[in-house]
Structure formats: structure tokens, C-alpha cells
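Novice: Below, each chain spelled out in residue letters.
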Amino acid sequence: MTINSLSKSHSPPAVEFKSSTFSVPVLSLANNDLVIIEKLLDEKIKLAPEFFKHSPIVVDLSDVNKKELFINFGDLVACIRKSGLFVIGVRGGNEQQNLEAITLGIPVNTSQSNPETKSDCTKSSTGTPLQVDDGLTFHDSNTVIITKPIRSGQRIYSHGDLIVLAQVGAGAEILAEGNIHVYGSLRGRALAGVQGNTEARIFCLNLQAELISIAGNYKISDDIQGAIANAPIQIYLQKNTLVIKSLV
Amino acid sequence: MARIIVVTSGKGGVGKTTTSAAISMGLAKKGHKTVVIDFDVGLRNLDLIMGCERRVVYDIINVINGEATLHQALIKDKNCNLLSILPASQTRNKDALTQEGIGKILEELAKEFKYIVCDSPAGIEKGAHLAMYFADDAFIVTNPEVSSVRDSDRILGLLASKSRRAEQNAEPIKEYLLLSRYSQERVRSKEMLSLDDVQEILSLDLLGVIPESKSVLLASNSGIPVILDEKSDAGQAYADIVARYLGEKKPHRFIDDKKGFFRKLFGGK
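Chains as they are written, first to last, in my numbering: chain W, 16 to 263; chain C, 229 to 497.
For the record, the hints were derived by calculation from the structure and aren't laboratory data.
Cβ atoms here follow ideal geometry from the backbone N, Cα and C, with glycine treated the same way.
No false leads were mixed into what you were given.
The following label-pair restraints were derived from C-beta to C-beta distances:
#1 C/Arg282 with W/Leu180: 52 to 60 Å
#2 W/Asn245 with C/Lys390: 27 to 35 Å
#3 C/Pro400 with W/Val258: 34 to 42 Å
#4 C/Gly241 with W/Glu58: 55 to 63 Å
#5 W/His69 with C/Arg416: 52 to 60 Å
#6 C/Asp323 with W/Pro247: 48 to 56 Å
#7 W/Ala29 with C/Arg282: 52 to 60 Å
#8 W/Lys59 with C/Ser389: 35 to 43 Å
#9 C/His299 with W/Pro247: 54 to 62 Å
#10 C/Lys390 with W/Tyr172: 13 to 21 Å
#11 W/Tyr198 with C/Arg282: 51 to 59 Å
Isolated chain W (complex conformation) (with noise of 0.2 Å):
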């Protein structure tokens, strides 16, 4: 009866589960001294305070492991908490790691290749550069080229560079985890390095743009107003500020 009744209303369900896709920043470690580690991380998130605050992030103890070194995972997490990180995940870890972090509700990652998965097929998977890298690099070669006009509404990603050749209408959006280069007039919104990388520059013939961003550092239209127009230019990061500096 209650089945019934249940299955009769057409409320939606509380809970449902989605499959979804997220890119998540991974720290991954080749020391075990804390000190250093959180001294480094420091440094690192002073360069874009904006973009790593509260940022999640999944640690990779893979190479400390293969290294023999011994790391505390409770103390590593208390160390990477007082930066302002969040640890969502680790991966790579040995068992002692795996069950620390289990008790201190953090997801074990078991589809990468960890020491153990790795002594139970030792002849077929060690050596294999393949399975140590988890296709990070893959991504870096990953360039888009765009040889159309990107109109307004639309958006491009690039896990690497992103390359167009025509103009990018205003109201068009493009994004690309490396740098962005517009042989044309950029009349939209560009923002390069957008996984954090401060060292990604933006190269456009004629810069209009309603906004242009650098690893999470930003300046709107109001902001590049005077600069250099109907010009070649480049801009980059120096000192968490953007420069726009004309390539001629």
C-alpha cells in the first residue's frame, strides 16, 4: 500500500545520484620533511592567494612511497590544512596511509597504480613509464586551434594552449589551462592559465576584451581601458599583477 501511494505522487526523489567530472589541482610530494613542505606551500600560494584559497586538492604520495621515505599522513594533512587547502583525496598511498586517511574521512583513490596494485602484476607494470604518469603530460600537449570567429556565447577550453585564428566576438569566452594567443582583434572574455599557472601569458593583435585573466588575476575592461590598442600585445603575470606589454 505505501509502495503504491509512494510510487503515485510525482514529487521527485531526494536524493539522486550524478555522474560529474571534476578538475582537481594534486599535490604531489617527493620529500617527507614538513617543514620544507609547508614553506614551499606557502610560497606557491602567495603567488595566487585568490586561486588556491579553500581549493580542494588530492595528494599524491606516490614517489615518497617508491623513495622508502616515512611521512605521518594525519600530521601532512594538519600541515596542508594550515595553508588554506582542502585534502579531498589521496592516491598513491601505502596501506598504513590508506587507513589514516580513511579515519579522517578522506577518499582513498584505488584506480591509480599504488604500491600495492603494483606488487600484485610486479613483471607487467613496473618500468612502464605509462603507469606512473597518469596523463598529466598528455594534457599539456593538449592545444586547441580555432581557425572561425568565436562568436558571442560561446566558450572554448583548452587543457593546454588555445590557438585562434580569427577574432573572439565580445561575449565569447575562452579558457585554457596554458596561454591563449588571438591572431585577431579579442573583443571577449580570454582567460589563460586557469588550473593556476602563473607562468601562462595571453598574445592578441588588437586587444578590446571585456575581461583577461592569468591564473585567477583579473583586470576588466574598465581596468585595460588606455592600453595599448589596435596593437600586438602580450600580457602576463609579474608580481601577481597583470602587464600588458605591446609586442613591437
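Fit chain C to the known structure of chain W by using the hints.
Specialist: Relative to chain W, chain C alone:
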């Protein structure tokens, strides 16, 4: 092979229906069997501009719903027997349009007509989407002002991503720019964007410039497509546009005193 032309703009009031009426009449006058379809369900106007509002019995929604055959709904134009009109419904809204229904209608029309002109409603919602979805060519009607130009840019983006040709990875829709309500005086006094400005923003092939003209309003009010007013500047502009679309070379007119310069720019087509 029938050619499906969508007349679209994004923004309202820029002259889509005037353009649809004029170019469909122009194509028919050139001896091509043409049909013009009103996609503006709920706000139909094409029948008024074409002067056939008193002869509407069935409309496109009746055809989609199977309440009338396509031939019952088609209205023969009184000025040119090669031109037919498929009116929109005034009592329904755009939700009554279905992609499947439109697809079937276009398929059937393509057997009989050389050119199918789709008069798109304003906006980017269902009506406009379905009007452009099956298109082979797109006439982008733009006024020389910033909001109209930006809306056209948006429409161009949708044409490149949300059309049948885009989904099937076929050759993309051929896009043409029609700059309407152009006033040389107002460009000179900087009230309007110049043709140069619009072309720079949209980077699109110019099919023609239609000057701001009293004759357009007069033609609309009397229900005769402006292209039939051969003495008017707007009528001549549309005649040029049809000729250029059909491959004739005609110099651009109604632009500015810098005529020599534009001839050079556009190779005098």
C-alpha cells in the same frame, strides 16, 4: 536541390519579415519557384506584409498536427504565381512547433520548390532555433547599432553549433550579412555604426545594404513587398541583394560617398 534560406537576426524589429517578403518575392520574380514560411507562431506578421492575411485558412501548426495538408495551407501569392506563403498560427505559441514536424514539411516542400525562405522570429528560443535548424544559407539582418550587432554575433555562434549541418558535421551554413535601416547621414553624425564597424565586428560577407526608407513602411502597410516598388531605394537594394545571391555581380550601393573605396574593398561585386 532546394535551398533553405533562414532570415534571422536575434534582435527584433530589424527587418526580418520585410526582408523575407522582399527576397522571396525577388527570387520568384527571377523565375524560381519559392515558398516563404512564417515561423513566428503567435505573432504572425508575414501574411500582412505579403498582403494575404484575408486568405489564411490553415497554418503551419495545422499541418504539423495533421489537421490540414500542406497544399491546403499554402497560399499562392497574388502578384507572382511562382511564390507561395505558409503562414504561422496566431492562436498558438512556439511550443506547438516540433523539429520532426518542421523537418517533414521542409522535406515535402523541397520536392516542389527551388527556394524555401524561413522567416525566423526574434530571440534564440524554440521558434528561432527551428527556423535555422535545417538551413543551408543564413541571411543575418543587422541594424547599424551595437545591440543588434551583438545579437547577430550570438546568432552566428548558434548557426555554427546548433544547426543540422553542424550536428551532422556537414559543410557549414553559408552566412550573409544584410545591413538594414542604414542611414548615411546618421553614420556621418556618429549616431550609427558604419558599415566598416559592423563588418569589423562580425567579419562576414556583405550581401547588401538596405537604406532606411519611408517606402518600407508604406509597402508594409499596403501589403506589397517593398521589392515590387522598383522606384524606391529599398526596393532596388533588395533587388540587388537577390541578384547578388543568385551570383550576379553588382556594386554595393547606399553606403556612403566613399564609393570608390568600397568598390576596391569588395571587388565591386
